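Number of protein chains: 2
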Amino acid sequence: MSMRTHYCGLTTEALLDQTVSLCGWVHRRRDHGGVIFIDLRDREGLVQIVCNPEEAEVFKNAEVVRNEFCLRITGVVRNRPDGTVNNNLNSGKIEVLAHTLEVLNASVTPPFQLDDDNLSETTRLTHRVLDLRRPQMQNNLRLRYKVTMEVRKFLDANGFIDIETPMLTKSTPEGARDYLVPSRVNAGHFFALPQSPQLFKQLLMVANFDRYYQIVKCFRDEDLRADRQPEFTQIDCETSFMSEQEIRDMFEGMIRLVFKNALDIDLPNPFPVMDFATAMALYGSDKPDMRVKLEFTDLTEVMKDVDFKVFAGAANMENGRVVGLRVPGGAAMPRSEIDAYTQFVAIYGARGLAYIKVNEKAKGRDGLQSPIVKNLHDAALTQILVQTGAEDGDLIFFGADKAKIVNDAIGALRVKIGHSEFGKKVGLFDDTWRPLWVVDFPMFEYDEAGDRWSACHHPFTAPKDGHEDYLETDPGKCIAKAYDMVLNGWELGGGSIRIHRAEVQSKVFRALKIDAEEAQLKFGFLLDALQYGAPPHGGLAFGLDRIVTMMTGAESIRDVIAFPKTQRAQCLLTQAPSAVEEKQLKELHIRLRAPEAKVVS
Amino acid sequence: MSMRTHYCGLTTEALLDQTVSLCGWVHRRRDHGGVIFIDLRDREGLVQIVCNPEEAEVFKNAEVVRNEFCLRITGVVRNRPDGTVNNNLNSGKIEVLAHTLEVLNASVTPPFQLDDDNLSETTRLTHRVLDLRRPQMQNNLRLRYKVTMEVRKFLDANGFIDIETPMLTKSTPEGARDYLVPSRVNAGHFFALPQSPQLFKQLLMVANFDRYYQIVKCFRDEDLRADRQPEFTQIDCETSFMSEQEIRDMFEGMIRLVFKNALDIDLPNPFPVMDFATAMALYGSDKPDMRVKLEFTDLTEVMKDVDFKVFAGAANMENGRVVGLRVPGGAAMPRSEIDAYTQFVAIYGARGLAYIKVNEKAKGRDGLQSPIVKNLHDAALTQILVQTGAEDGDLIFFGADKAKIVNDAIGALRVKIGHSEFGKKVGLFDDTWRPLWVVDFPMFEYDEAGDRWSACHHPFTAPKDGHEDYLETDPGKCIAKAYDMVLNGWELGGGSIRIHRAEVQSKVFRALKIDAEEAQLKFGFLLDALQYGAPPHGGLAFGLDRIVTMMTGAESIRDVIAFPKTQRAQCLLTQAPSAVEEKQLKELHIRLRAPEAKVVS
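Sequences listed follow chains A and W, in order. Residues in the first sequence are numbered from 48 upward in steps of one, following the numbering used here. Residues in the second sequence are numbered from 48 upward in steps of one, following the numbering used here.
Hints were generated in silico from the structure; no laboratory data involved. Keep in mind that a hint or two might mislead.
Which copy? The list can't say, so a pair holds if one copy fits it or any two copies do.
Pairs of lysine-lysine, BS3-like flavour, derived with a Cα cap of 27 Å [unchecked claim]:
{"#": "1", "residue 1": "Lys200", "residue 2": "Lys264"}
{"#": "2", "residue 1": "Lys264", "residue 2": "Lys193"}
{"#": "3", "residue 1": "Lys451", "residue 2": "Lys404"}
{"#": "4", "residue 1": "Lys200", "residue 2": "Lys307"}
Bear in mind that the values here come from a model prediction, so they are computed numbers and not experimental data.
Chain A on its own, in the form it takes in the complex (with noise of 0.2 Å):
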């Protein structure tokens, strides 16, 4: 007999009457009128095993197991006694009477009980073995591997070839920082780590692929955010001679299937499109949480002349914005939770926050409550209430500063809102997946610091068709190919068409300011490799491990991924990054660059 025959969260009663051989943890023992009964546990669930004195070798052994002892049991599956049916089991209809009974391994006491939901998460991530075994990450793992099965499966009924590209590459300092890799053999020079296969996916295109896909590590040494590890995994795919929308039909496609296989959700079909300047105009983001319904209302016109000094400064000033964001009921807030909200704003650079609640609006001004009315003339008041259509009982929050700070601060406060006890009781959230392209990005960004343009999504986007001009007089309207694909307010992936034309390429680099020989240097492989017949493509890349974490509704990436790294970018199990030794410094040609440096900050 194989060592298992059955996995305990799937032995039921279609196997009545037979004998088992069941292996898995026990969960928890208990001793009940002189009988020891075990629940079991191995990857699919648990069922009950029934010890019973006159079984005496059995009862011997079940007496010394405790909680995470691993067993091995054989014995026969029966019906439990009427009313003992557990229907919250897979397996609650039945018990399996032990037979024999082995502790494969015993357990020292676990430091912690795997249903305490108050673990710090330091302590999970220093035991993550046993944190593992509990079934939220048993549940997290398990749908990430559906996950990119679907996604293979996806890919590979439509032609996609999964080729690997390299992790030992070239490193090319712009974007992020790259993690570098001393080569032994070449002193003096180092590796980097991929923060991307994009070079690579796009070299595949021209020879010859014509659809690629990887699901792949790629790294980023950044300071990191909340949702950030030095490590993430990318769904990283490539075509050649697809148009933008084919694309999007395509991968909209894919994530419409892994959200039905896996979770049985049922996405719209087909997803709205908005262009990036509405994104911004109505919800001051690219990334809008369109289960919010609140929208901005672009003020800055009328604000020019009023005598508030706030709003009429933000209206004059170069890239000034001023808008007004309407909450349907909010006259209702209390002040407190105004006051709050002012709080929340500050942290976005928003220097204040200054509302109006509509009580009476057939009183005109004397049927509104604020501090800042006063200082608005009556043709402002007017335009307020006719653009924002606010109506009795409605509060207007409004954002006036530059417009990065007005965007941020009032998408994220629309965001709140939305989010809150209230948004949620009256009516302003739509608790569902409610997915989105944004298209049409500008192909650059004006980087004031370094007085440069910059490419907002990456050198190699093409821009528009009839754009091409506008790269030389005004990179600013130039507008890209480019598209994200957001959910929920989550950029779940983004793309674009690429170049792939070298004089193209040449036109963009100069833009950007970069001159021909460092474009040689840093790519002249890709310049090169256009040379030949490079073939219309473009592609996307979706974040996985952000999608599985909001599939799975987790708090963190972290709770989707096996081994994560702390925000200090350590594992706490193994303990790395560690010190190494000199012997290996020396091989690889380097030293440390100080002796303070071998104190870990």
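On the provided structure of chain A, position chain W as indicated by the hints.
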């Protein structure tokens, strides 16, 4: 209409009279009777495009195109004229009469013809993108994909879950050299790139994932031999609660399925199994090429008292060995060939290659032709003939030295003769697929230099049942639950049952002279995990690059990797590794060791 409606290579008579839109590269262009014919190529193959002078625009465009131009063509599928059908092509019955021809991208003249089979590897790797367009490379990488997809389907159907393990992990300097990654956040500390996910997959078993797999990059900073790469890909698998036999059955089933579905090859069922001792005795190798029908005959005992010093010396030496290799029909081998073999075995340290030609057995000593028979007494000669089973016309080669030299030299000679013209002609080579399991490896081998035992497999391998006591009493006698899958002289993969009890793991560390403190420092997290009811588990890892190299018949694993490194661990395409900016090193708290280190050696 889409940019493309069909693949060139899949445009067949099924589409007769339909208008199609095709995209691809000019493989060949020829003018014939005032008509221009273009063989248009995409990843699926070629199709013939006809450009008539009547279509003035098409014809004008067709006149300027050259090899490797990227085109889009719309036209109508029609039968080829009688006598011009090409049965070598999928599309050979039809051609497409072009109505539009658009040059999507021009191409400069490629540095070589895509059908040139005599390109140097330097040329190929420098212009890798064009090299990858060649049909052989297209086939290799598509077969590689097919193999991985078959593997994934098989493992999915058997309940294995793909779980990602970290790329940035802890350096445990033993076995091969680690690639190190300096940490920016933790000054003076380093990550290591994984040599394999061995410990993580064991942790996943302790964490109750039950069945794990990953097709994953691994890294070893070794001096590269012909078939090594700094980064290589493993099919890495692990399972709980299965016996060695069950694991082997499972994975030979996987390999059988892959060969069947990817190449329509039926491998034997079941694979033969041979223990390590037998493999060494008969073939001097733990990965014998079973296609070669030659075996060693051990003559160590026979030679202990002969006059011939070379034989007697080896036979009486500690760890000495004398073997004969009978080559049926080998007496016909000319002296020049024997001399060449003598030089060949010298590579492996053999100081000569004695032989006996058996001309006429019946004549006894006089029927044997050899410089050495005069120093061998009659009883020895008789035993040689009896034990090797030599017949008239055979030749017997001899190896006599330390066992390692004999095994290496005569083992290599065996393969060399088997693969030679002679060997194939006289039927010593069975040109088929001959898989084999080699099992029952020793746990340890004695490292004379270090005067200590080292692990043959790795220190997490379980001893065979009943051999645990040898760990302390006689490590050399201890056999491991380890197994290698061998095919035609290549190790495809290998694995073992792991130690799942902390006390056994400690014993193995003691046998290896790894003290408790060192064990805790390096493997503390594993020892810790084993305490919490670690299940019995085991697994194996296959070398994907090697499997695909064998399946494609490629000469090097570099031919089944899209962007490989040279033997100097460089990427000729991107010029990685390369110098980096001082600022980057500063951020990583390292500096180059010496000014001259900057010079590429």
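Evaluation of the provided hints:
no. : hint            : result
1   : Lys200 x Lys264 : both (20 Å within a copy, 22 Å between copies)
2   : Lys264 x Lys193 : both (18 Å within a copy, 21 Å between copies)
3   : Lys451 x Lys404 : within (25 Å within a copy, 91 Å between copies)
4   : Lys200 x Lys307 : both (14 Å within a copy, 20 Å between copies)
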